[in-house]
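Enquirer: The residues making up each chain are set out below.
Number of protein chains: 2
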Amino acid sequence: MTAPAFPTAPDTPALERGAVLAPRFDEKGLIAAVATHATSGEVLMLAWMDAAALAATLATGEAHYFSRSRQALWKKGETSGQVQQVTELRIDCDQDAVWLKVLPGGDGGACHVGFRSCFYRVIENGALVERE
Amino acid sequence: MTAPAFPTAPDTPALERGAVLAPRFDEKGLIAAVATHATSGEVLMLAWMDAAALAATLATGEAHYFSRSRQALWKKGETSGQVQQVTELRIDCDQDAVWLKVLPGGDGGACHVGFRSCFYRVIENGALVERE
Numbered sequence: 001m002t003a004p005a006f007p008t009a010p011d012t013p014a015l016e017r018g019a020v021l022a023p024r025f026d027e028k029g030l031i032a033a034v035a036t037h038a039t040s041g042e043v044l045m046l047a048w049m050d051a052a053a054l055a056a057t058l059a060t061g062e063a064h065y066f067s068r069s070r071q072a073l074w075k076k077g078e079t080s081g082q083v084q085q086v087t088e089l090r091i092d093c094d095q096d097a098v099w100l101k102v103l104p105g106g107d108g109g110a111c112h113v114g115f116r117s118c119f120y121r122v123i124e125n126g127a128l129v130e131r132e
Numbered sequence: 001m002t003a004p005a006f007p008t009a010p011d012t013p014a015l016e017r018g019a020v021l022a023p024r025f026d027e028k029g030l031i032a033a034v035a036t037h038a039t040s041g042e043v044l045m046l047a048w049m050d051a052a053a054l055a056a057t058l059a060t061g062e063a064h065y066f067s068r069s070r071q072a073l074w075k076k077g078e079t080s081g082q083v084q085q086v087t088e089l090r091i092d093c094d095q096d097a098v099w100l101k102v103l104p105g106g107d108g109g110a111c112h113v114g115f116r117s118c119f120y121r122v123i124e125n126g127a128l129v130e131r132e
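Protein chains in written order, with my numbering: chain V, 1 to 132; chain Y, 1 to 132.
Hints listed in this document are in silico derivations from the structure and should not be mistaken for laboratory results.
What you are looking at is a predicted structure, and each value in this text was computed from that prediction instead of being measured.
Any given hint might turn out to be false.
Which copy? The list can't say, so a pair holds if one copy fits it or any two copies do.
[To be verified] Taking lysine-lysine and the DSBU-like style, the derived pairs with C-alpha atoms no more than 30 angstroms apart in a straight line are:
hint, residue 1, residue 2
1, Lys28, Lys75
2, Lys28, Lys101
3, Lys75, Lys101
Throw the hints in and build the complete structure from the sequences for me.
Expert: See below:
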């Protein structure tokens with residue numbers, strides 16, 4: 001599959017205030033993607049997208065990421081059932097991160113360990129405490 | 001300054017369920033950090049931390065990041081006044097991302113462009129629309 005082409009912003013005003021989606025993928029071709037629960041607002045996970053994952057997310061309305069460990073496009077929920085219906089997709093000022101508001105399918109969670117959110121541990125006095 | 005040393009988790013159970021903070025910095029020594037507003041829950045920004053930034057955040061209760069453009073430790077708000085008081089700090093399942101709940105000082109915003117959140121643009125039909 002040919003990688004989808006996104007344009008490059010010509011200057012800072014276009015990057016920061018323009019209406020053209022011009023994601024700044026890093027040297028590995030990735031941008032950070034944070035997914036929050038569309039109703040609770042909870043941060044569910046932080047993952048990565050390459051151009052193909054972003055294009056697939058935009059085309060289907062379901063979250064696609066790039067797995068760094070598997071080096072492959074990854075439709076969230078393909079095996080777990082935790083498909084993420086995207087209700088809103090935002091990009092940040094310098095277009096190197098996206099924020100997805102999602103409705104998780106399946107058991108309603110997002111984390112492979114079994115918690116609802118991947119962020120199930122609070123750092124307290126230097127130690128980690130599990131707390132949903 | 002000597003870089004603070006964090007331990008490495010010996011195995012996956014320790015990494016995912018352990019009580020020891022063992023962040024997995026990438027080959028550049030960074031982990032992703034997402035900051036949300038402690039009261040509204042809004043995602044304010046996505047930035048990066050090296051070991052020194054994470055240690056400074058833990059030690060002071062104020063958010064410190066690593067500026068990739070300036071390649072330097074960066075106390076958020078040092079020049080803008082938008083100091084971020086951390087009310088809760090979480091780490092994800094594979095310990096390569098942190099979630100900070102923060103109370104922003106100064107004008108209450110987090111974005112250098114002037115918006116409250118860096119994510120002030122929604123992607124709609126392939127184009128970017130500014131919407132707070």
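Enquirer: Up to 30 angstroms between alpha-carbons, please classify lysine 28 paired with lysine 101: within, between, both or neither.
Expert: both (25 angstroms within a copy, 29 angstroms between copies)
Enquirer: One pair to classify: lysine 75 and lysine 101, alpha carbons no more than 30 angstroms apart. Within, between, both, or neither?
Expert: Both: 16 angstroms inside a copy, 28 angstroms across copies.
Enquirer: Between lysine 28 and lysine 75, at a C-alpha cutoff of 30 angstroms, which is it: within one copy, between copies, both, or neither?
Expert: both (19 angstroms within a copy, 27 angstroms between copies)
Against the hints set out earlier in the document, no violation occurs for any number.
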